[in-house]
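**Student:** Protein chains in written order, with numbering that gives the first Met the number 0: chain V, 0 to 167; chain Z, 0 to 549.
In case anyone wonders, no lab produced these hints; they're calculated from the structure.
Where chain V lies over chain Z, by a calculated footprint (3+ residues, C-beta under 8 Å):
1) 3-17
2) 158-172
3) 234-241
This structure is a prediction, so every number in the text was calculated from the model and none was measured.
Cβ atoms here follow ideal geometry from the backbone N, Cα and C, with glycine treated the same way.
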Amino acid sequence: MPKLIRSTGGVFEEVEDTFVAIEDEAADPGGDILVSFSRLKGGGEALAARSHGRLGVRLEPEDEIEDLEGRLAGVALVALAFPKFRDGRPFTAARLLRTRLGFKGEIRAVGDVLRDQAGFMVRCGFDAFVPADGATASSWAEAAGRHSHVYQRAADARAPAFVERQGE
Amino acid sequence: MYRYDAIDRAVLADRTAEFRDQVRRRLAGELTEDQFKPLRLMNGLYLQLHAYMLRVAVPYGSLNPVQMRALADIARRFDRGYGHFTTRTNIQFNWVKLDDAPDILDALAAVDLHAIQTSGNCIRNVTADPYAGAAADELEDPRVWCEAIRQWSSLHPEFSFLPRKFKIAVTASPHDRTAAKVHDIGLLLRRGRDGETGFEVIVGGGMGRTPYVGPTIRAYLPSDRLFSYLEAILRVYNRHGRRDNIYKARIKILVAALGAEAFAREVEAEWEKIGPEGDLPRAEIDRIGAAFTNPDFVADPASGDFEARRAAEPAFARFVRNNLKAHIRPGYGIVDISLKGIGETPGDISADQMDLVADLAERFGQGDIRSTHEQNLVLPHVRLEHVHEVWKALDAAGLATPNINLISDIIACPGLDYCALANARAICVAQDIARRFETPERAEAIGEFKIKISGCINACGHHHVGHIGILGVDKKGEEFYQLTLGGSGAEDAAVGKMLGPALPIDRVTDAVEAIVDAYLRERREGERFLDTLRRTGDAPFKEAVYAEAH
Chain V
0 MPKLIRSTGG VFEEVEDTFV AIEDEAADPG GDILVSFSRL KGGGEALAAR SHGRLGVRLE
60 PEDEIEDLEG RLAGVALVAL AFPKFRDGRP FTAARLLRTR LGFKGEIRAV GDVLRDQAGF
120 MVRCGFDAFV PADGATASSW AEAAGRHSHV YQRAADARAP AFVERQGE
Chain Z
0 MYRYDAIDRA VLADRTAEFR DQVRRRLAGE LTEDQFKPLR LMNGLYLQLH AYMLRVAVPY
60 GSLNPVQMRA LADIARRFDR GYGHFTTRTN IQFNWVKLDD APDILDALAA VDLHAIQTSG
120 NCIRNVTADP YAGAAADELE DPRVWCEAIR QWSSLHPEFS FLPRKFKIAV TASPHDRTAA
180 KVHDIGLLLR RGRDGETGFE VIVGGGMGRT PYVGPTIRAY LPSDRLFSYL EAILRVYNRH
240 GRRDNIYKAR IKILVAALGA EAFAREVEAE WEKIGPEGDL PRAEIDRIGA AFTNPDFVAD
300 PASGDFEARR AAEPAFARFV RNNLKAHIRP GYGIVDISLK GIGETPGDIS ADQMDLVADL
360 AERFGQGDIR STHEQNLVLP HVRLEHVHEV WKALDAAGLA TPNINLISDI IACPGLDYCA
420 LANARAICVA QDIARRFETP ERAEAIGEFK IKISGCINAC GHHHVGHIGI LGVDKKGEEF
480 YQLTLGGSGA EDAAVGKMLG PALPIDRVTD AVEAIVDAYL RERREGERFL DTLRRTGDAP
540 FKEAVYAEAH
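Just chain Z, with the same shape it has in the complex:
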């Protein structure tokens, strides 16, 4: 993992001191709330329905055990004993006091963590494949580029007041676990004809009110030219992105208005003017890259009684089937930790659970922890012979729900329980659906099934790319839910299509079940829900949901 050097630490210390001064000026009345708001947002501090919320950056979803314990400590000292992992792989504390915020930032800085650029119209935390450095299907470790992007985008003098927020994803696997095509920029690592690596560059994807799957504006960008190219994209956007209407200010609107080809031409013209002067020297990429070479792997380790226990213990076998993924090295596995316990709040984790994950990562996982955009955690490097012990410990702490990618592995935004923007609750809808499909045999029989729930059109719950998307709307003061079908945030990215009229809250779970039952009737051998839907169209599902409604 990358470790901060003296320069990284100094940047963080300076930034923390700056924010402490800004809070002091606010509390002393030298800054109005209007003036303070964008400053606190640049530091991840939101005013929610009931309290301030602090969003802490987890750069490219990567944490070490010391950092995880510090988060647990903050949850205990400054919050109500828990935190919430978000769809941007960050963690939020929902019950923070303004005058505690500088102390929390100091506690974070002590372990190289911060809340810089977790909000505001700037370049946000970069999304990486949570299996980076471990995935069997990976071309090269994308975290090297993520860390370089983290540095380049931190306190960028030219691009800190963009028309709107800006999100970049990097993936190096054919299976996209980052939702790259619905980011402002998606970078897909590719091998060029010359054997070197480069990026397919996708620009202008996004969700919110106007969802788009982003178009490719360059099929292959040599990786050593990445930063001049990013500068060109950001400059075109900073100059020409709309600033008159917050809902039309994302880069996707500019790309759609110009057309992908015309937008690409503008970027290429600007890129030519910048030249290699805008690139990062190879030596710096190599320096960062060296931090991600992992010396702790054992060649061909024994798998101990892994297979025997798998054969003998059905519950362990189920966990392995659903929560253990293929590692690039023999004898190792990737362990997914579900934060979607049945009836729990998606993404929530208690301080004690954080400590446990930190301990397990330290004892069995090379000190490496990842957060995923689907609001789960990952121990990316666990020896197969240790998986059983890890599972037992997780299970005892309520963290071994064997439901990764299954119907109860639901993404949900905080919704009306916390958020000032929400129209409807999202958490209780997720909990109700998860309870309906609680039986693990049934969930496994249904197979891969992604439900994503947003409490408003801003789409923090990614409903547009849910196999079933559920959007909360307000109808004359009552919570209604709009269902969409067929979305995907993976390599086959698609925006879901509206199924029919919005449903009252007490009909949502029934509707989901009706859709599932229709799928089980219609599906052919080997088909996921998405495959069946793409073959049959939405008629059978519309019929199933609305037939009785007249």
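The shape of chain V in the complex, shown without the other chains:
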């Protein structure tokens, strides 16, 4: 099993992944499930009304994040896929999901996920990661915390340089 690293209050820990990805046609096995975006769109109400287990949805880079609007009730996890780590679309998706859609649940980076992007991912609102490069929770935390200052506002609460400077 690839490991799952989750950040809670800035602490990175390896945790058990309770979500089971299910195919679009497969029966709901109960428990925590991860469905495709099209399955969520097709069976949203039934999925939201599940009494046992939590619901997660996986988006591919070409899915429009705005289409989640009005469909996030009952969704605990949004997994954003990086088919290649060079594909930068999930950074925008995560940022908009946090800041524009106000999603408070878990945003998980899956696919070709490398520690060298950890800092960018955290800044864009990701809080869970399935690294493809064998990174551990501690090496992930080190990479994510590499930069002591940032220049831009993003989806995290970090004060950019221009705000830090105002305090001088």
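Please arrange chain Z on chain V, whose structure you already have, making use of the hints.
**Tutor:** Same frame as chain V, now just chain Z:
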């Protein structure tokens, strides 16, 4: 000039440490070359034909003497005693060893320099008018905005993995010396009706395989709304730019596919959602702006024997005619340093020459040095009474070639001598043409004439916007050259048109000379080559080049 504060230095130190760790992981075998490649590219480290090449950022083409000396030191210690200024106003070292790269980056960081985002699919070094803060025709100093863009775009969490590279130019003069209209974004500073300043925003220009002069998507953007607007453009591009084909991934392709109006509507809709939250506070712009107010100017300084020497020394007069430009303040001039010595490699500069330029900038130029996208250097603030002494020193070092904007002031990419992508050599073609037009009287009689040479279709030598563009192509293993006429990277930006069949390497200089001779026959009073060409069309030139070829 802007000086790094503790925060800027910390960002650089963190980034350098990160790259040192990445190199360590690569050398230890923890990273494959495939995984390492994009990481090293984000730090300007390329693998070329013969060696690694490190591209060092010169943010908006601005250097101080301490930095220039550090570059000279790196050239001596880690390269073969020279560096190469590029068409992106950066400097490249062509003979670097991978295990030296972290030490070079440390040496750079010690003087606030780096190689961040000089490659990779991210926002690259911003291009500024090399005469910024000095040009007589300038509306306001564009470097303030360039520095703010430098910070905003550095290690941007959302926009570091774009579909393709991304280049922004800022100019504040009616004469565009940045090639703004062939950048991904061109920002032209304008005065609004309310007396405030803002930008005309051009998006989707570019060269490469598919050259475009970028369309204006907003005639006037208030300057305090710049960053939310840039965020909107980049977001639309990051989401919708093509990622399936590297040759169709630049923003120009998206803008052309949607049409400028539809693209602009998408940007405006996104911009509305972002709101002023995405803008930089006025206090930060003012803080940066204060760094560019120059306290060292003397009011109306004497010009000494400047005029007398100009009258008495024809060689100095020629240098003044071609390499000295009008300054915004009386008694000062802008000195262009040509890196196009006849027979030299365009853009190359030796370590000793770098040291000399640093000394001159310190003694006579308020410590300010600029690099230009045409691969030359500039001392933007020299008192007229010092120009003669500066000229003598440059001349002794082979840096006083009086050919700025003339036919031997040629842009050329490194071509097949260095580059793994090239199809043909570019440097030797430039050298051969420069030698043909070596006589300064002849070059001056021809007047403004921009030749630009690329060794392949990626167009690093900007051939599309050359008055004569020369593109190297490979025909069954032989180097051939395709000529285009009528390009311009200035305010009258245009993409050149192909003249005819490609020529073998030994016919290129003859063809250029035939075009020049035809121009001298056809031109009317006061016409530049471009003006004549636009009036006559390319028929006389086609005739001149191909008449004997049957």
